[in-house]
Amino acid sequence: MNSSLDARAAILGRIREALQDGAGRESPETVSVPRTYRQRGTAEREELVERFIERVADYKVNLRRIAEQELPAAINTACAARGIHRLVMPADVPENWLPDNLACSRDEPPLTNEQLDASDGVLTGCALGIAQTGTIVLDGGDWQGRRVLTLLPDYHLCIIFERQIVDLVPEAIANLTEAVRQHQRPITLISGPSATSDIELNRVEGVHGPRTLEVLVVHSVEKS
Amino acid sequence: MTDVPGTTRKRQPLPTFQSSARVALNNTQLRHNLHKATSTIREKRRRAVEEMPDWQELREAGRVIKEQTMLHLDHYLVELETAVQRAGGQVHWARDAEEANALIAQIAEQHHAREVIKVKSLTTDELGLNRALAEHGISAIETDLAELIIQLAGESSSHILVPAIHKNRAEIRELFLRTLDVQQLSDEPGELANAARAHLRKKFLSTPVAVSGANFAVAETGTVCVVESEGNGRMCVTLPKVLISVMGIEKVIPAWQDFEVFLQLLPRSSTAERMNPYTSLWTGVRAGDGPQEFHLVLLDNGRTQVLADAVGRQALHCIRCSACLNICPVYERTGGHAYNSVYPGPIGAILTPQLLGVEQAGTLPYASSLCGACYEVCPVKINIPQVLIYLRGRVVRQQQRGRLRERANPEWLALRWLARTFASRTRYERAQRLARLGQLPFTRGGMIEKLPGELSGWTILRDLPAVPAQSFREWWRERAQTTQTQKEEQP
Amino acid sequence: MRVALFITCFNDTLFPQAGRATVQLLERLGHTVEFPEEQTCCGQMHFNTGYQREALPLIRRFVQVFGQAEVVVAPSASCVGMVREVYPLAAQWFGDQELLAEVEALAPRVYELSEFLVHRLGLEDVGAYYPHRVTYHPTCHSLRFLHVGDAPLRLLRAVRGLDLVELPAAEECCGFGGTFAVKNADTSLDMLSDKVRHVLSTGAEVCVAADNSCLMQIGGALHRQRAGVRTPHLAEILASTEEEAFV
Chain G
1 MNSSLDARAA ILGRIREALQ DGAGRESPET VSVPRTYRQR GTAEREELVE RFIERVADYK
61 VNLRRIAEQE LPAAINTACA ARGIHRLVMP ADVPENWLPD NLACSRDEPP LTNEQLDASD
121 GVLTGCALGI AQTGTIVLDG GDWQGRRVLT LLPDYHLCII FERQIVDLVP EAIANLTEAV
181 RQHQRPITLI SGPSATSDIE LNRVEGVHGP RTLEVLVVHS VEKS
Chain D
1 MTDVPGTTRK RQPLPTFQSS ARVALNNTQL RHNLHKATST IREKRRRAVE EMPDWQELRE
61 AGRVIKEQTM LHLDHYLVEL ETAVQRAGGQ VHWARDAEEA NALIAQIAEQ HHAREVIKVK
121 SLTTDELGLN RALAEHGISA IETDLAELII QLAGESSSHI LVPAIHKNRA EIRELFLRTL
181 DVQQLSDEPG ELANAARAHL RKKFLSTPVA VSGANFAVAE TGTVCVVESE GNGRMCVTLP
241 KVLISVMGIE KVIPAWQDFE VFLQLLPRSS TAERMNPYTS LWTGVRAGDG PQEFHLVLLD
301 NGRTQVLADA VGRQALHCIR CSACLNICPV YERTGGHAYN SVYPGPIGAI LTPQLLGVEQ
361 AGTLPYASSL CGACYEVCPV KINIPQVLIY LRGRVVRQQQ RGRLRERANP EWLALRWLAR
421 TFASRTRYER AQRLARLGQL PFTRGGMIEK LPGELSGWTI LRDLPAVPAQ SFREWWRERA
481 QTTQTQKEEQ P
Chain H
1 MRVALFITCF NDTLFPQAGR ATVQLLERLG HTVEFPEEQT CCGQMHFNTG YQREALPLIR
61 RFVQVFGQAE VVVAPSASCV GMVREVYPLA AQWFGDQELL AEVEALAPRV YELSEFLVHR
121 LGLEDVGAYY PHRVTYHPTC HSLRFLHVGD APLRLLRAVR GLDLVELPAA EECCGFGGTF
181 AVKNADTSLD MLSDKVRHVL STGAEVCVAA DNSCLMQIGG ALHRQRAGVR TPHLAEILAS
241 TEEEAFV
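Chains as they are written, first to last, in this note's numbering: chain G, 1 to 224; chain D, 1 to 491; chain H, 1 to 247.
If you're looking for bench data, these hints aren't it; they were derived computationally from the structure.
Glycine included, every Cβ here is placed at the ideal spot set by N, Cα and C.
Careful, some of the hints might be misleading.
To be verified - Footprint (simulated), chain G over chain D, 3 or more residues, beta carbon under 8 Å:
| id | stretch |
| --- | --- |
| 1 | 87–98 |
| 2 | 292–306 |
Claimed, not checked - Below are the DSSO-like pairs computed for lysine-lysine, each with C-alpha atoms no more than 30 Å apart in a straight line:
| id | chain 1 | residue 1 | chain 2 | residue 2 |
| --- | --- | --- | --- | --- |
| 3 | D | K203 | G | K60 |
| 4 | D | K36 | D | K381 |
| 5 | H | K183 | D | K450 |
| 6 | D | K203 | D | K241 |
| 7 | H | K183 | D | K36 |
| 8 | G | K60 | D | K44 |
| 9 | G | K60 | D | K36 |
With the rest of the complex left out, here is chain G (with noise of 0.2 Å):
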């Protein structure tokens, strides 16, 4: 649009000259942030996955630790006790994890709005969680899938291997580097189910997003 162009070359124009004082005009480069805040966590490995169970269980989310093989059965007793017996997942939700009563609807080829609007529920993996705040970010790589995935079923039951858990946020940041600069993959943080707090500030669950969220953390002894 040749308005945009013209607005580009006014607008770019307009900071090179706001910025004439010519305060730190540097090169970019040159620019130091000073990074003292916390950047690793210290904590060990159980302290870690009991701060993120902790802090996911505040946001009332259902959250159960298990043993690699006691997935299935976990899968099968949250689906019994809120009815359910067909989930939505990723294509690539591994077969083991699976109980063989559940019916699983693949998305592939890929479900429609409609159908994910109509599912009992969904499963995935994740990327990552974060047990400084208790989150669960998604990058849409394995066991994960498309976005939308995650967000029009009502139910979202979701597995994360202890070995996932880092403790800070920045962290989480340097572990998802690759995920946004070489891959572009859209990520989502997830901090409980949804909520508002809009009506006299009291944190009300359930708008738009899963009403629901439910967490497996999943204590595995080898790499799988």
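Take the given structure of chain G and dock chains D and H to it, following the hints.
Chains D and H only, in chain G's frame:
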């Protein structure tokens, strides 16, 4: 009704803060709601921040990142543009609200959209986007619960973060019964939220074009970020075919790593949580996942004007957390409407006059007792009190350049007289004596219970001490004399 | 030490007792007090109201009057705040490098009374006696601009006979704010009402602070209400001894 800044047409000055505040102070429901809301969140914020041993280090990092970004803003905007385009997005530039609104309308029309869904965005409020789209026959549907409430009620926002803070649950129930397709409704917040959810889900699934703002955009990677609680943001940036994000040019941050600072500063300062429920980040477009067309609109609308002021430009560092609103004793009592601007509260008092011009908003820098609480809580250390004082200087200088009538205003005459008096010891001491003799028009003997004219505001509820019979320096001199005399009298 | 007293135009004219108390206290502690008579006003009211060009001569005057002092003490956090925090800004904004250098040399030697006693002299017990129920209002300037911290409280706690009661919502502004009290009288009065309500809720006979500007605001309302609560300056309490009650 909030004035819409950002057009290049000459505007009327905003109503004075004093007159708007007086109206607000009389609204007891508003004051009750405000006090409850702000005092609750103040306490929560304090606890959330106390938990962080490196909070001050984060604030300093945030300040430096923002400061350096502003000083190289052209560089980072170009870098951002390149990165977004490389990832399949389109970048547009808009000098003012008219250009931005025209761009957005054009994109919507290209897709034959009669409706667009919106995520809450102060920037779009600033543009008056909804009204502009309506002129093109396009309905902009607000999807944040509070924005929905305000839209249905036909009002305007009174708080950056909690726009419907001036409404309580009974008022909202009444509104929903009137405007939504619902027969029965209690005033339980859960039920109210449910009604909104059902109403909006239909919209999310059927509207092809969405408009959002952006909390941050990373120049290095071209990644845009929306921070929210309810999930309507995720809906808007994921479901439609076309996503348009409007962003003030000051929102760009240099590198992906810089995001780690703001991701910690923002949630604890705004909703006083460790982390808000949902944060969405996307780069350009991605095949098979999300919108297939992404437009980023970079908006100036007065920001380069703010940038040009070496002292005032720190107002552009704002990350829209609203911590300053929640701590401000003035905002707590008057609410957002009293500022007559999309940006109210302490940050509004320094940003609005710079965006609009001091002659448009000259009373806002005075809407503060300079208590400094805002500076203490600002996550990026914007020195709001300093900028307020600075802008007062600009207001006064602008008045002094005005017409003779304005220049002869009593305040300036009085202060000029006072400055001359203070410039000389003899004049100063004489003035002190005159004050005592009651010859200054402001004082009388005894306890003063009523001051005349402009100063009468003081004595509405306060008594004033009379000027004492002996000033300090008179006492000092007398004491020195006495000591001297005593010395002389001693053998 | 040789202490140059910066009385402030406000105290000099309207609250000389705060100055007298400061002199008495410092002399009792063994210091020599000087009073440079050429001092008038620090320029705060002008500067903060926006008349910054008009304030500049007052700023220069202050620096000239006190420039050679070993140490400067004032019974006013707001005026000391002006010197330490705002004078450097003023010099910068007007591009006066020479003034900036002079200000930066002088500012570290300028103290508000309570921070002088506690932070500079390392004192908490100044030998005071004041058998009354007292509540303390931390003024915005002392709290947020000078960061005197709990210096005034430590001094008050060491006063014999004094019954110190905590003020609810103490850190909230009283609403004075200089010309704010006149330009935005409605909002200012609103803030003042809450402050007064909190003071009265303590049951204290006395409300004390480090700034007479705030005390004038709070005391003025208390007096209008005939509430029977006095508002002396911190110096006046510290100057009181068993032998002689200052206030």
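Status of the hints after comparison with the structure:
{"no.": "1", "hint": "87–98", "in the structure": "holds (count 5)"}
{"no.": "2", "hint": "292–306", "in the structure": "holds (count 4)"}
{"no.": "3", "hint": "D:K203 x G:K60", "in the structure": "28 Å, holds"}
{"no.": "4", "hint": "D:K36 x D:K381", "in the structure": "26 Å, holds"}
{"no.": "5", "hint": "H:K183 x D:K450", "in the structure": "16 Å, holds"}
{"no.": "6", "hint": "D:K203 x D:K241", "in the structure": "13 Å, holds"}
{"no.": "7", "hint": "H:K183 x D:K36", "in the structure": "27 Å, holds"}
{"no.": "8", "hint": "G:K60 x D:K44", "in the structure": "18 Å, holds"}
{"no.": "9", "hint": "G:K60 x D:K36", "in the structure": "24 Å, holds"}
When held up to the earlier numbered hints, the structure conflicts with none and fits them all.
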